[in-house]
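Trainee: Given the structure of chain A, go ahead and fit chain B onto it with the hints provided.
What follows is each chain in one-letter form.
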Amino acid sequence: MTETLVRVDNLSRDYQAQRAVNQVSFSLQAGEVLGFLGPNGAGKSTTMQVISGNLAPSEGEISIAGHDIIDNPRAAKRHLGYLPEHPPVYREASVDEFLSYCARLHGLRGADVATARARVKQQCGLDSVGTRLIGNLSKGYQQRVGIAQAIVHDPPVVILDEPTVGLDPIQIREIRDLIRSLGSERSVILSTHILSEVQATCDRVQIIRAGELIYNASIESLERGHEHSVRVALRAAVDGDNLLALDGVDHVERLDEDRFRVFLAPGADSDALVQTAVREDWGLYELVPEQQSLEDLFIELTHEHEVAGS
Amino acid sequence: MIWVIARREIAAMFLAPLAWIILAVVQAILGYMFLANLDNFFLLQPQLIRLENTPGVTDIVITPLMQIAAIILLMVMPLMTMRSIAEEKRQRTLSLLVSAPLSMTEIVLGKFFGLVGFVVILVSLLMLMPLSLYLGTSPDAGKLLSIYVGMLLLLSAFAAIGLYLSSLTESQTIAAVSTFGTLLMLWIIDWAGASLESGQSVVAYLSMLQHHQRMLEGVFDTADLAYYAIVIVGFLGLTIRQLDRERLL
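Protein chains in written order, with this note's numbering: chain A, 4 to 313; chain B, 174 to 422.
Hints are computed from structural coordinates only; laboratory data are not their basis.
Don't take every hint at face value.
Below, in silico cross-link-like pairs of lysine to aspartate or glutamate (EDC-like), each with a Cα-Cα straight-line distance of 20 Å or less [what the hints assert, rightly or not]:
hint, chain 1, residue 1, chain 2, residue 2
1, A, K142, A, E200
2, B, K262, A, E88
3, B, K262, A, E95
4, A, K142, A, D71
5, B, K262, B, E390
6, B, K262, B, D363
Here are some, though not all, of the chain A residues that point toward chain B, as calculated from beta-carbon distances under 8 Å [claimed, not checked]:
hint, residue
7, L83
8, H89
9, L108
All values reported here derive from a predicted model rather than from experimental measurement.
Where is the CB? At the ideal position from N, CA and C, for every residue including glycine.
Next up, chain A with everything else stripped away, as it sits in the complex (with noise of 0.2 Å):
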């Protein structure tokens, strides 16, 4: 499971003068979700377009179950699904016949071909579509023949261009039923810039800002890492340098009268705190564990990549 799938280093891409993505580099284990997460036009698709080989890096390196795509991009691309921003779909072929020509592509042949398209079918729920023009369907079962077509050769990676735009919220809930369910044989890249559908269906959450990689964590580790600090109000006279005293606690501030923000040290909880403010009689009558949610951070560190950078 610790198998490095993509790899991606110092990656940056220009058009013309303009520097799309900007020294970019990250890598994905097997079995993992990563969320790509940016405001629009900060160099998401650009980004999915050179990891899929659309587009050439400018500079950097990039490498798919251990195939350069530049060097070896026949190899890289064997293990590559992709599904651009715009589904790449045939309006006049019926799903049946466009996915057995993508069947083929991949270098399926015979009896394979058919196989591969009738689990696709039933992974994207295209079964009862199999004999209807790609053109007449609806959005969000054109954005699954896209999604069927990315992965009908069976391959390590996926990568997943904004998959749920254009959909309504049950499409959605499916579609990211089916991202999870396809992260836990694979290693899938979803760019996105709506933030709860990381949160909904992401191990790891990367966010690019302006061509530039700003942040970068796991989910579990961003949702525990901002419980880490606690507002906590308390009646008696206590100076913040009491509190900062106690086990586990990284720095204070204060709030106002009786309250302080409390900010914990990694893995610290705010037992020594209640024990405390108990023991010694503090009046302690709130205690609230502040969550940051993924949105907050999201504008945090826009933003301030923003003021950093006017």
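Mentor: What follows is chain B alone, placed relative to chain A:
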């Protein structure tokens, strides 16, 4: 791999009405011309009989027919080649092929052989007219073969040029018009050369008309084969280069 793409290209052509309509219109017009040429031949026949070393039915009926066919197809082929790559770019489906484990060369050759498949169908249907002459007379089989191969090579060269111009744009209309212009220019380029003695040979060599004419007359020359090979390989190379270059932009 090339074959997978080529087969889909042909299937896609015949899923849309355009290919059928082109085949029908070309066949109808040339069928009428064939009839007119045949009538002409019957008119001339009494005089021809008295001459020595007379031109045969192939020279009087088939060669002029295929000359006209070439000009009609010069106008028609851009309609078949225009969608090849321009359409994929517009619909953003090219990334399906680019993301698959294929080289650009395989993608372009697949597209090209798809067009060649259509060309083979088209020319084979046209050749049914000369073959029908076997019912009443005996045309020159060697000449017919030379005409068949000549038409295939000419239209394949048209296809290669059209494919390249289709890779330059997202607009099918622009692809069609520029292909038509290029083909027409290559066709008539020796008109200017005819009056300029010095540069004539070079300009004449560039003209498609010259090479096609010789094959229609049954002259099977390696110089003509080389010309078509250079045009086809050259434009396919340009197409591959163009698509590769687009990844860098």
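Trainee: For every hint, state whether the structure bears it out.
Mentor: Quick rundown of the hints versus the structure:
1. K142/A - E200/A: holds, 19 Å
2. K262/B - E88/A: holds, 14 Å
3. K262/B - E95/A: Holds, at roughly 16 Å.
4. K142/A - D71/A: violated, 34 Å
5. K262/B - E390/B: Not OK: K262/B and E390/B at ~41 Å, beyond 20 Å, violated.
6. K262/B - D363/B: violated, 35 Å
7. L83: holds, 7 Å
8. H89: Status holds, d = 4 Å.
9. L108: holds, 4 Å
Checked against the numbered hints given earlier, this structure breaks hints 4, 5, 6; the rest are met.
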